[in-house]
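2 protein chains.
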Amino acid sequence: MPKISTRGTVMPASPIRKLVPLSDSAKARGLKVYHLNIGQPDIATPKVGLNAIRYLDRKILEYSPSDGFCSYRKKLTAYYSKFKMNINADDIIITTGGSEAVLFAFMACLDPGDEIIVPEPAYANYMAFAISAGALIRGVASTIENGFALPPIEKFEALINEKTKGILICNPNNPTGYLYSRTEMNKIRDLVKKYDLYLFSDEVYREFIYTSSPYISALHLVGIEENVVLIDSVSKRYSECGIRVGMLITKNKELRKTVMKFCQARLSPPLFGQIIAEATLEVPEEYMRDVYDEYLERRNFTVDTLNRIPGVYSPIPMGAFYTIARLPVDDTDKFCAWCLSDFEYEGQTIFIAPGSGFYADPTAGKNAVRIAYVLKKEELQNAMLVLEKALEEYNKIMNG
Amino acid sequence: MPKISTRGTVMPASPIRKLVPLSDSAKARGLKVYHLNIGQPDIATPKVGLNAIRYLDRKILEYSPSDGFCSYRKKLTAYYSKFKMNINADDIIITTGGSEAVLFAFMACLDPGDEIIVPEPAYANYMAFAISAGALIRGVASTIENGFALPPIEKFEALINEKTKGILICNPNNPTGYLYSRTEMNKIRDLVKKYDLYLFSDEVYREFIYTSSPYISALHLVGIEENVVLIDSVSKRYSECGIRVGMLITKNKELRKTVMKFCQARLSPPLFGQIIAEATLEVPEEYMRDVYDEYLERRNFTVDTLNRIPGVYSPIPMGAFYTIARLPVDDTDKFCAWCLSDFEYEGQTIFIAPGSGFYADPTAGKNAVRIAYVLKKEELQNAMLVLEKALEEYNKIMNG
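First to last, the protein sequences are chains A and B. Per the numbering used here, the very first residue in the first sequence carries number 46; after that it's consecutive. Per the numbering used here, the very first residue in the second sequence carries number 46; after that it's consecutive.
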């Protein structure tokens, strides 16, 4: 049997999806499993998007342009201008989800052995895409005590060497929910400028900010326009995860030209995804407001409840729909698996993501979990109760 | 401005799509452009596929499983069994088009510096995906004089070294239309077995075989089951290029496990694509027969007409919907560009793909073009006339 590639061998299994078999067997045993493990909203997709394909009159399902439909890219500029982002249609390349935008950004900017610096905990799949490109992620730990604020910029600077090509941030942050302040963004800008680095900025959660602090996009930063690569996606904001539509946005022409070569190789982004996403730009403001209010209530409830469970602590996330909570257990990898394989409370259990998956160092994050508050409040209520009972029983076993 | 990656710099622009700006300006000048450059069928997509989304009752457009819907993978086994391919649902991973299947196969099997051997001319994007994985394509030239039959297997063997990880074939072949015989496939099998190589086999055109010779899939070959990686796609067979649904199929469990890590990182293949592709499995036989007859007629007409143009030669392709033709010009890169930028015949011109894009060596294929017979016969008729007139005028200019 021929050898698997080293790349394929070191590629991590998704820390979120790797417990799926345990969850499947829990369900097979008849348990109700609360999915707090994945950013899959239970919110209805806007009707204006769904209707676009219902009444579609297309006879041939052709390739679309490699950079996406021009009509869609043009309309997106109006969307971004609402956030004071000055983006032209030509700056936008439509990708197959935000995932492909990250992959192509890394492919076009990073060579094997190159390094990027990422505040941790971080979205696990950045690591997977870095490995695909042969690049290395150097983590700088943010801490729960500081609510996962940007670590001191000196810690970033200390890691910079001749292999360093960029900094990656997610803002508002998945998994911490942190929103970078203007002061923090300016520090990042100065460092990016000083060393002429790329700034990869994943901003897919900009609609979900629960604080009066302003949203500072990487594209708001003056003087590093050619350095910024913005990652975006419609998945979370319109509950359209399945259609696989994202964007790679950059003012850097040469980079766009390079990214386009990767886009041409894969021919085109999904046709129906683009049709739906384009129509969804007409979503009523009321929809967005309702979704926002819903998440705000869920956040408040989740964080408040977590902090009432003995030994549990969660900072108050300012955005996105996740929080990183510290649990009173030694090893959340074991605890999360145990919840699915050996525990139940009144026929229910919980599926939460172990913290270790959000760090390049596999020994980090052992007492943390990521909780996605993507369920209705009544379900969250039950899930929090199940978590409390699980912690009680787990610690009884561990200490007994 | 930070540096573009070396990978991104050496990545070739698509030889087929790179002339698009010239074609766009020809259209802007009011010319009718016949697109013989791209495998975009003009055939109507089966209604059974289109209807599947029209009457869909889904409220949330969720992620699908990373390996695709189980129901779809199960039904596909019946499709493959019609071709005597013994494939289980677990052997199949649904990808975002055949493109992603090639990329993930390379990512999981090949490390930077590894080599694969490919008979040339070959589908241009294999090169792009190889570069993405840091791997090298070693071409073995097939020749127009032999109708692009498999080159002597000794030529493959001569290239094998410690870096060689696999052989890649496309069968029936894009761009040549060649169908590998049982004898040829057995030779490939023996070589793959002798050196324990991967055999990547792209078989997306199996429905389009215009000869009584049997279709020998790589998965029909006995004794190399763990070595074969089959690439498939619904794009061409159902005129569903835009929905981005393909398959990576292998009996090699360890490889599947590795590929799944790449699949999990990009979360899921397109939702609507899968719904349409699954429904399309119920396509009436009559549809497939009509499409087949249509392409057969187009092939016969195209090849016959090409061979009547002075100085032009095309072998008779046995499958797919392309042919490689030799033209009486020095440099088809220049000729194809000239057709779009400087030529017209009665308000019309042609867009054909220069041969050089189908070889790793950029100096090869200079007197060849790939012609996709994906237009209605009346349009092909006009296009062939335009080609004849273009050759006349081009050679008058060149010789004058």
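There may be inaccurate statements among the hints.
Since copy identity is lost for identical chains, a pair holds within one copy or between any two.
[Said to hold, decoys possible] Each computed BS3-like pair below joins lysine-lysine, with the alpha-carbon atoms no more than 30 Å apart:
{"hint": "1", "residue 1": "Lys422", "residue 2": "Lys129"}
{"hint": "2", "residue 1": "Lys441", "residue 2": "Lys232"}
{"hint": "3", "residue 1": "Lys129", "residue 2": "Lys92"}
{"hint": "4", "residue 1": "Lys441", "residue 2": "Lys238"}
{"hint": "5", "residue 1": "Lys298", "residue 2": "Lys92"}
{"hint": "6", "residue 1": "Lys302", "residue 2": "Lys129"}
{"hint": "7", "residue 1": "Lys296", "residue 2": "Lys63"}
{"hint": "8", "residue 1": "Lys119", "residue 2": "Lys104"}
{"hint": "9", "residue 1": "Lys411", "residue 2": "Lys127"}
{"hint": "10", "residue 1": "Lys92", "residue 2": "Lys127"}
{"hint": "11", "residue 1": "Lys104", "residue 2": "Lys421"}
{"hint": "12", "residue 1": "Lys422", "residue 2": "Lys63"}
{"hint": "13", "residue 1": "Lys48", "residue 2": "Lys119"}
{"hint": "14", "residue 1": "Lys92", "residue 2": "Lys104"}
{"hint": "15", "residue 1": "Lys434", "residue 2": "Lys296"}
{"hint": "16", "residue 1": "Lys77", "residue 2": "Lys296"}
{"hint": "17", "residue 1": "Lys434", "residue 2": "Lys208"}
{"hint": "18", "residue 1": "Lys434", "residue 2": "Lys238"}
{"hint": "19", "residue 1": "Lys296", "residue 2": "Lys72"}
{"hint": "20", "residue 1": "Lys208", "residue 2": "Lys421"}
{"hint": "21", "residue 1": "Lys104", "residue 2": "Lys72"}
{"hint": "22", "residue 1": "Lys120", "residue 2": "Lys104"}
{"hint": "23", "residue 1": "Lys298", "residue 2": "Lys48"}
{"hint": "24", "residue 1": "Lys421", "residue 2": "Lys239"}
{"hint": "25", "residue 1": "Lys104", "residue 2": "Lys238"}
{"hint": "26", "residue 1": "Lys129", "residue 2": "Lys239"}
Please keep in mind that the hints were generated in silico from the structure rather than gathered at the bench.
Taking 30 Å as the upper bound on the Cα-Cα distance, should Lys441 and Lys238 be classified as within, between, both, or neither? neither (53 Å within a copy, 56 Å between copies)
Intra/inter-copy verdict for Lys48 and Lys119 if alpha-carbon distance must be at most 30 Å: Cα proximity of Lys48 and Lys119: across copies only (28 Å, versus 46 Å in one copy).
Reference check for the pair Lys104 and Lys238, CA-CA at most 30 Å: within, between, both, or neither? neither (50 Å within a copy, 45 Å between copies)
Taking 30 Å as the upper bound on the Cα-Cα distance, should Lys119 and Lys104 be classified as within, between, both, or neither? both (25 Å within a copy, 27 Å between copies)
Have a look at Lys120 and Lys104 and pick one of within, between, both or neither, based on CA distance no larger than 30 Å. Result: close both inside a copy and across copies, 25 Å intra and 24 Å inter.
Up to 30 Å between alpha-carbons, please classify Lys421 paired with Lys239: within, between, both or neither. This pair counts as neither: shortest intra-copy Cα distance 46 Å, inter-copy 58 Å.
Homomeric proximity label, Lys422 with Lys129: Cα distance no greater than 30 Å: neither (33 Å within a copy, 52 Å between copies)
When no copy is specified for Lys422 and Lys63, does a C-alpha distance of 30 Å or less occur within a copy, between copies, both, or neither? within (26 Å within a copy, 52 Å between copies)
Up to 30 Å between alpha-carbons, please classify Lys92 paired with Lys104: within, between, both or neither. Both ways: Lys92 and Lys104 sit 23 Å apart in one copy and 8 Å across, limit 30 Å.
Within, between, both or neither: how does the pair Lys77, Lys296 come out at a Cα-Cα threshold of 30 Å? Neither, since 48 Å and 34 Å both go past 30 Å.
Go through the copies and call it for Lys298 and Lys48: within, between, both or neither, with a Cα cutoff of 30 Å. For Lys298 and Lys48, the Cα distance is within 30 Å only across copies (12 Å; inside one copy 39 Å).
Have a look at Lys92 and Lys127 and pick one of within, between, both or neither, based on CA distance no larger than 30 Å. Classified as within: same-chain Cα gap 22 Å, cross-chain 40 Å, threshold 30 Å.
Violated hints, listed in ascending order, are 1, 2, 4, 5, 9, 15, 16, 17, 18, 20, 24, 25; each of the other numbered hints is respected by the structure.
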